[in-house]
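Colleague: Listed below, chain by chain, are the residues.
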Amino acid sequence: MKQQSVLRKKLMLGLSAFCIAGMVMNAGPAHASGTVFIPQILELSGPGAISGTNFHDGASMAIQEINAAGGILGEQISTTVLDTQSDPSVARAQMQSVLDNNPYVILGPIFTGSCQSTMPIAQQAQIPQMIGGLGANLTEEGDQYVFRTSLSQADEMPEIIDYLANKLHAKKISIIWVNNDFGKGGRDAFDAAAKKRGLQVVADIPVEQNLQDYSAPLAQVTEAKPDAVFVYLNEGGSARLLIKAGHDGNKIPIVGDTTLLGAKVVQLAGSAANNIKGFVDLSVDMPVPGIKKFDTDFTKKYGYTPDENAIKGYTAVYTIRYVATKVGNFNSQDFAKALHGMTITPAEVPQIFLSSTWSDKGGLARPGFFAQIDNGKQNIIATLPKLGN
Amino acid sequence: MDSAMQLLLSGLASGAIYGLVAMGFSLMWQTSQTINFAQGEFVMMPAFLVLAFMNFAGLQFGLSIMAGGVVAVLILGPIFKKLIVDPMLKYGTLPLVVATLALSIFLREAVRNFYSAQDEPFPSLFGSGVIKVFGADISIQSLSVFIIAGACALALDMFLNKTRTGRAMQATAQNRAVARILGVPVERMVLYAFCINAILVTLASVLITPIYLASFTNGEQLGLAAFSAAIIGGFNQVRGALLGGVILGVADNFCATYVSADYRDAVPLLLMVVVILFRPEGLLGRREERTV
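Protein chains in written order, with the working numbering: chain A, 721 to 1109; chain B, 38 to 329.
Next comes chain A alone, as it looks inside the complex (with noise of 0.2 Å):
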């Protein structure tokens, strides 16, 4: 009887101890002393994957570079990334295990849903976040620690609304838009912005994240007959859906927004992607100076041509030098405070390429692009004076 107590004991003490080394090792490594601890929670897999890979990338190129010419203040920035597996309840937990090691700043995550769900987390701990998450309402509740690396889905969509019926003389539309809060958002943001200027929507498609097959949300937006549709997807639907248009002979004009047009759904989808035009808020074609160097520099570290996150993820570890340096601390509330209202540009940081200005609710304002894909290359064919905020 003792012994099988003493064997519980220690089978608790063992599980316990098994529990205990989990929790810290999901934690990640804690930074040591002399670093600034910018940890980076990001969708390393499942739907979000290409998003979470290129925003990490970017934001690892540019911690490297900025370590190799002395860090900040003197420090050099440690990090760590935390995998959400693109799922809210997994992002929120991981968003709880680093706020444990004392980061200055947080960056990531990037789906919408994510975002929503470990914001309060890092509002409650008063650690700045910066979000490449597109949805309007990120921005709206007035959290004073949510900073934007990219316009808003109530940005662009006017512009694309605009864009069909200028451009395309679009007056009849489909949407197809992906069910989760990223296209949950942006549906309603076009669908606002089309009604306000009597654009007709025909045909309201909402699709899986997960869905591989694209016959039947096609074949509704054909049955339809728009004048155009408007596809708002991750990555990787993006691409089978111009992969299956383009089989189904599909002859409707297709019109999107950076995330169509982006870098890895051109590869993915190869010549099924020309033609395609949409608003760009991030591109490395983007006609402005140090692009090319930066495009040049991650393609050849990498493998792969960066898309709008990679470059978002870039710009926001030198938004974050500026700011810590500016200030000349590394206190997250004065992170915050400072970083409201403020405008960068990129005469004071090269790397951040477009003039940038932060509202006092964390929106971002800057200028926007409109692209065509020609070849299976991105092709600016106008630019946008600053939107935003």
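The hints are simulated quantities; they were obtained by calculation from the structure and are not laboratory data.
Accuracy of the hints is not assured; some may be wrong.
[Said to hold, decoys possible] Straight line, CA to CA, 25 Å or less: simulated DMTMM-like cross-link-like pairs of lysine to aspartate or glutamate: (1) A:K1097 / B:E157; (2) B:K169 / A:E861; (3) A:K945 / B:E257; (4) A:K1097 / A:D1017; (5) A:K892 / B:D299; (6) A:K1081 / A:D1094; (7) A:K904 / A:E861; (8) A:K915 / A:D863; (9) A:K915 / B:E257; (10) A:K904 / B:E257; (11) A:K904 / B:E224; (12) A:K904 / A:D1017; (13) A:K1012 / A:E1068; (14) A:K1021 / B:E157.
None of the values given here were measured: they were computed from a predicted structure.
Place chain B on chain A using the hints.
Modeller: Just chain B now, with coordinates in the frame of chain A:
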């Protein structure tokens, strides 16, 4: 009319893919009473082996298909049988089902960790041309999948019903003890079934990955759709599996367009329930009696 024809052709192309994978389900059941819930992942994996030969060994696409195909057939055929099925089957069907569920998770995570969590492009064997059929467009790729799936169903059906080896495989499935008494080399017949299934999934992988892209999550939906297709068509008939796949693909398209896109995920399950209620053996299935 054109749009209905487009829906039909598009559904046939999708359905042929489900049918091709469902044939493997059917074959495994017919010959070895094995339900393989890793079948979707079996379709996902060969594409990554081909990509690995292309990107890491530097082989050309054609050679990579051959090399990847041989490795895939070995892993998903004899090695799968030896390591998973043989040790588990003696405990009944349920432990084997659980083992194949575990295998599906293992294969998914292994590909994610050792190759990539991102979607990868996969070259097509048939180019990107589109042809007109009754006023609707269909790609040569989709048409090829449909023709190859049909040819496979026909060939397998003939093999199982018209050849001595095929009949021996069916006898093995129905009663191993009696088959052994009759001189059928039972172990070899079961091995054949696993090898044929491995060839089928490898073929499916090479045919559909150019459309679906190579992704470690590819097996999830495909496995469920193929399982439903096999039940709808008849689990004990290879041609039934193809019919089930085609019905599923076409019904999915028409339901999403004319009924509701929101409920399209329920279509396979609904069809499955209706078939089980009114024709439990499946549309082309045979009634079977077994000693329990």
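Colleague: Take the hints in turn and mark each one as holding or not.
Modeller: Tested hints:
no.	hint	result
1	A:K1097 / B:E157	holds (18 Å)
2	B:K169 / A:E861	violated (53 Å)
3	A:K945 / B:E257	violated (32 Å)
4	A:K1097 / A:D1017	holds (19 Å)
5	A:K892 / B:D299	holds (22 Å)
6	A:K1081 / A:D1094	violated (38 Å)
7	A:K904 / A:E861	holds (17 Å)
8	A:K915 / A:D863	violated (29 Å)
9	A:K915 / B:E257	violated (38 Å)
10	A:K904 / B:E257	holds (24 Å)
11	A:K904 / B:E224	violated (54 Å)
12	A:K904 / A:D1017	violated (36 Å)
13	A:K1012 / A:E1068	holds (19 Å)
14	A:K1021 / B:E157	holds (19 Å)
When held up to the earlier numbered hints, the structure conflicts with 2, 3, 6, 8, 9, 11, 12 and fits the remainder.
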